[in-house]
Amino acid sequence: MKQKEILLVEDNPDDVELTRIAFAEAKIANTLTVVRDGAEALDFLFTRGAYASRDPDDLPSIVLLDLNLPKVDGREVLQAIRGDARTRALPVVVLTTSNEPFDVEASYALGVNSYIRKPVDFEQFVWAVKQVGLYWLVLNQPREGA
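Going by full-length UniProt numbering, the sequence shown runs without a break in its numbering and finishes at 146.
One or more hints might be untrue.
The list that follows gives simulated cross-link-like pairs (lysine-lysine, BS3-like), each with its CA atoms no further than 27 Å apart [claimed, not checked]:
| hint | residue 1 | residue 2 |
| --- | --- | --- |
| 1 | 130 | 27 |
| 2 | 4 | 130 |
| 3 | 27 | 4 |
The hints are simulated quantities; they were obtained by calculation from the structure and are not laboratory data.
Taking the hints into account, I'd like the entire structure generated from these sequences.
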């Protein structure tokens, strides 16, 4: 069985690299696909634009979503994911620098599965990303067909 990929929606190259390091250290073998803005994330998930040739049934295992993105905001991406029957059950974890109560509440109201504030310390960031990967890709039992 092919391992499904992880979709990282992140515009900060440093955070992308830290996430790659964390998954490598955790020995998570899933492919990490990176998109740099919300519009690209939606194109990827809904097989549009540059991703029109992707299999629409080949959804990632999880979406790691930053909130503050260029073009289309992370909240709008989350709303689009939850608003479409094809992606409604897709696990989405917000991984962001914001710890504003409004952002936390808005994300949960829009249906996020988990909200994690990115630690600024390198080792804490790597630890947090490892835990996300281990939980969602190893321990969590997804819905049938998800």
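Comparing the hints with the structure gives:
no.: 1; hint: 130 <-> 27; result: holds, 9 Å
no.: 2; hint: 4 <-> 130; result: holds, 17 Å
no.: 3; hint: 27 <-> 4; result: holds, 15 Å
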